[in-house]
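Start from the sequences and build out the full structure, keeping to the hints where you can.
The listed protein sequences correspond, in order, to chains A and B. Residue 25 in my numbering sits at position 25 of the first sequence; the count goes up by one each step and never skips. Take any residue in the second sequence, count from 1 to its spot, add 367: that is its number in my numbering.
Worth flagging that the hints you see were computed from the coordinates, not collected in a lab. In this text, a Cβ means the ideal position worked out from N, Cα and C, and glycines have one as well. There could be a bad hint or two in this list.
A partial selection of chain B residues facing chain A, derived with a Cβ cut-off under 7 Å [claimed, not checked]: (1) Asp441; (2) Asn625; (3) Ser652.
For the chain A half of the interface with chain B, some residues (derived, Cβ under 7 Å), not all of them [what the hints assert, rightly or not]: (4) Ser79; (5) Gly80; (6) Ile83; (7) Ser182; (8) Gly184; (9) Ala209; (10) Lys210; (11) Ala211; (12) Lys213; (13) Ile218; (14) Gln232.
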Amino acid sequence: MSKWSQNWFAGIAAILIAAVALAGCSSPSGSPAASTATPAKSINLNGAGATFPAPLYTKWFDEYNKLTGVKVNYQPIGSGGGISQITEGTVDFGATDGIMTEAEMTKAESKNGPIMHIPMTSGSVAVIYNLSGIGSGQLKLTGDVLADIYMKKITKWNNPEIASLNPDLKLPDAAIAVVFRSDGSGTTYIFTNYLSKVSQGFKASIGNAKAVKWPGDIGGQGNAGVAGQVQQIPNSIGYVELAYAEQNKLAWAQLKNAAGNFIEPSLEATTKAAEGVSLPDDMKVMLTDSSNPEAYPIAGFTWILVYANQRDKDKGEALAKMLWWAIHDGQHYTSALSYGSLASTAVTKAENAILSMKYEGQTLITR
Amino acid sequence: MDKCKPNTSHIAVGSDTASAVRARVGDKIFSRLTLFFSVLMVAILIALLVALGIDAWPAIQKFGLSFISSIEWDPVNEVFGALPAIYGTLLTSLIGLLIAVPISLGSAVFLSELAPDWMRRPCSFVIEMLAAIPSVIIGLWGLYVMVPFIRNPIETWLGSNLGFLPLFQGPPFGVGFLSAGIILAIMVIPIITAVSREVIAAVPLTQREAMLALGATRWEMITRSVLPYCRSGLVGGVILGLGRALGETMAVTMVIGNSYALSPSLFSPGATIASKVASEFNEASGDLYIGSLIELALVLFAITLLVNIIARLLVWRTVSVRGTGE
Chain A
1 MSKWSQNWFA GIAAILIAAV ALAGCSSPSG SPAASTATPA KSINLNGAGA TFPAPLYTKW
61 FDEYNKLTGV KVNYQPIGSG GGISQITEGT VDFGATDGIM TEAEMTKAES KNGPIMHIPM
121 TSGSVAVIYN LSGIGSGQLK LTGDVLADIY MKKITKWNNP EIASLNPDLK LPDAAIAVVF
181 RSDGSGTTYI FTNYLSKVSQ GFKASIGNAK AVKWPGDIGG QGNAGVAGQV QQIPNSIGYV
241 ELAYAEQNKL AWAQLKNAAG NFIEPSLEAT TKAAEGVSLP DDMKVMLTDS SNPEAYPIAG
301 FTWILVYANQ RDKDKGEALA KMLWWAIHDG QHYTSALSYG SLASTAVTKA ENAILSMKYE
361 GQTLITR
Chain B
368 MDKCKPNTSH IAVGSDTASA VRARVGDKIF SRLTLFFSVL MVAILIALLV ALGIDAWPAI
428 QKFGLSFISS IEWDPVNEVF GALPAIYGTL LTSLIGLLIA VPISLGSAVF LSELAPDWMR
488 RPCSFVIEML AAIPSVIIGL WGLYVMVPFI RNPIETWLGS NLGFLPLFQG PPFGVGFLSA
548 GIILAIMVIP IITAVSREVI AAVPLTQREA MLALGATRWE MITRSVLPYC RSGLVGGVIL
608 GLGRALGETM AVTMVIGNSY ALSPSLFSPG ATIASKVASE FNEASGDLYI GSLIELALVL
668 FAITLLVNII ARLLVWRTVS VRGTGE
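Given below as structure tokens:
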């Protein structure tokens, strides 16, 4: 009995591990090229990537299908997956919360040609806490102090640096339990990007990435994991997506922005962030530490990744039209789903990027 | 097993020859098919190793043996080491087994030797049902029900009364090695119990009767005759449980706190190999980062293999020493 079940167990385990390994290596997700057999009229677009904008994208693609009949399949497999899928050419578009690195861009270019980042919506990261007697929006923090907390330099709530920002609050003489995201995520990317901008120490010792070497106490799995830990552990601090914090009514902190104003996270303050940052034409820019006086400082775009040179004329045209719709009409759906709409400056840049998409040197759509 | 096959064909001969031929063809197909399946399993295992090795190669090349001994895990600067994850994996499995083995053996002995008939079936059924609960459910229960209870009163009590031991120092977060170990115990108890119960039940009645006839008490019969007789099977059950504990991912990830720490304190949040891979694989990018995560998986593979080999040797030794085969 024991021998038999041991082998059986090992077999199952091997299959599972093999499945995971295969999925991780190079499996084409979804069914690319499924549309080749059908007439050109019905077009399927396949995309994969970031989980953060997935609820919005699902809504968009559903609405867009009703309007035009174009079917868009989106697999929320994570930004890293989105980047590798578009690099390998297994999808028509990718999606990411973080900017592709130079190395990733070079690799993608050598395989299937240059890739463009087109911003779709923006999101922000709320700093949440669990302090008895201190409600949402009452705690004030600066980027510096936040960085020191996450570097474990400030370890107690009644530290003079926190106390001097919050003269009206009774802060406990208790250790700060620091909660971070343990899984790689765009949320961590935006958060560490902000802290790296405002603190040289943070930049040098921890840095900016989707997963970093946190010295801090507890890692939570996903937004729910972080929020769960913060809600359970007294005197803790954490960070989650604004949408998640809003839906779950978590107590969040006001942050001092670059103009010196304390701002609570909100969709409007997220959109404002794009108006205080100079946007380059390639849109590979983070919206953190914006100089707009009304901006919330921990904000970022989420992008769809497309080939600058499309490989299929019909698909390329359908994709360009769909993206055009998304950055215009699609923006009406953002606030209901707790996403920040694109600022008008960002829309203009995104328009230019979409208009520059080509198939064999010819533009696909015109204004 | 082998003796069964000729038997069935003899029965077929009795009716008519055509069906005998058909049965022989069937036998052939059956044996080819089973051969194919077993070769397939071995092939999958080898393919798996090769695939892991290829993808892990950038990390193996870069870090060499220091991968095993380094405590760094820094995706920003691309420096990776496995020691805290290996430590976490072994420590949580050890805690899990320390809790699970006595409970499982105790309940297995009770169910097969002492329990009244009306209790036996329902009780074993319920214990085996435990094994069927998906690990994500156990993890959620662990995070929202068990962890708060472990934080207070268990960890606060341990900290204030046994805080002089390095094992019980640091802030009581609830999540950490201790919680992960307890969750693992809950998950392996049904496995060890089920296997042990079967193994104990398989001990010949004569063994027990001989012992009782010599005037042994029930306790003496169980500890001196029944358990030693089936020791190899019991070790097998424990190893099966250990195998599950080493590789368990979801439930552990939810309660271990996912900090990459090498701390002697059971209160400290930590990570296991499986939880680290599961947490970071989705969003990892760059050959070295992905390679390091895959090398972690290889390390887990090696640990599991090693544990199995040790277990086989243990079983083989006890069997040959006692001269009682299975």
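Fill in: Contradicted hints - numbers only
Checked against the structure, no hint fails, so every one of them is satisfied.
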